[in-house]
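Q: Sequence:
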Amino acid sequence: MKQAKRETPVKQAAKLWMGAIFAAFLAAGAIYVALLQVEKNLLETGEKKQVYLAAKEISTGQLVTKENCEEYFVSTLVDASLVPEAAILSAEEMAGLVATSQIDQGVLLTKGMFRPYTEVTAAMQEPVVAGFRAEDLSQVVSGVLRAGDRIHVYAEDEEYGTALIWENVYVQQVFDASGKVIGNEDQETAAQRINVFLDKEEVETFYTRLDQGSLRVVKIWNP
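All the letters of the sequence shown, read from the start, carry residue numbers 1 to 223 under the numbering used here.
None of these hints come from the bench; they were simulated from the model.
Hints are not guaranteed to be accurate.
Under the rule of at most 25 Å between Cα atoms (straight-line distance), these lysine-lysine pairs were calculated in the DSS-like manner [what the hints assert, rightly or not]:
1. K48 to K180
2. K200 to K111
3. K49 to K66
4. K56 to K200
5. K180 to K66
6. K56 to K66
7. K180 to K111
8. K49 to K111
9. K219 to K180
10. K111 to K66
11. K200 to K219
Please build the complete structure, drawing on both the sequences and the hints.
A: Written as structure tokens, this is what we have:
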């Protein structure tokens, strides 16, 4: 009978190393799976908060109202630990806000990105919205006005010549020739109908002067 060949010490050591490596891979895989499960459990059991993201780009000066807030904001749930203290957490907080700078789509929204439009009317006794229409685009800076802009309003007539009738007027909303609202993200459509904030006691004077001559608007430049 032939005797079985004995393995050399080198082969025995190689087998031991292969086994050890295989066992190490199994252990690493088991640890990885366990960590994934722990992470999953933490995510499932962690506290969530509803926050709001920009549904699309929000331009500087854009006024958010109850009517358009769903157009600009979308809600989502995130881990509570990731939510900053100044985050907007409810739909009620959104109406009446004005964007202080451009906000990119998908950004988590905080109160510091907006200011309440009431700050614009704080110095007025009884703020109202007054509207006017331009006869041609040269009267309203070629139609580039958007919500949130500040303007000086001049009038031209035979008696007074060119006169500043209102200054630092806040543009509340703008419309095209057909009366459709123009969003701040639309930089192409010409604004021909303009709504502005005025104090109620000043509205009569405002319209009287507008009726006396041709309207001219100068936009205040904010680089």
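Q: Is the hinted pair K48 and K180 satisfied, with a Cα-Cα distance of at most 25 Å?
A: Judged against 25 Å, a Cα distance of about 39 Å means the pair is violated.
Q: Taken at face value, is the distance from the CA of K200 to the CA of K56 at most 25 Å?
A: 35 Å, violated
Q: Holds or violated: K49 and K66, Cα atoms, limit 25 Å.
A: 22 Å, holds
Q: Are the Cα atoms of K180 and K66 separated by 25 Å or less?
A: 17 Å, holds
Q: Could you grab the alpha-carbon distance between K180 and K111 and see if it respects the 25 Å cut-off?
A: 29 Å, violated
Q: Do the alpha carbons of K200 and K111 lie within 25 Å of each other, as the hint requires?
A: 29 Å, violated
Q: Would you mind confirming whether the straight-line C-alpha gap from K200 to K219 stays at or under 25 Å?
A: 23 Å, holds
Q: Given the proposed pairing of K219 with K180, does the C-alpha separation stay at or below 25 Å?
A: OK: K219 and K180 at ~21 Å, within 25 Å.
Q: Does K66 sit within 25 Å of K56, going by the straight-line distance between their CA atoms?
A: Given pair K56, K66 holds - Cα atoms ~17 Å apart, limit 25 Å.
Q: Given the hinted pair K111 and K66, is their alpha-carbon gap at most 25 Å?
A: 17 Å, holds
Q: Does K111 lie within 25 Å of K49 when you go C-alpha to C-alpha?
A: Between K49 and K111 the Cα gap is close to 16 Å, so the pair holds against 25 Å.
Consistency note: the structure conflicts with the earlier hints numbered 1, 2, 4 and 7.
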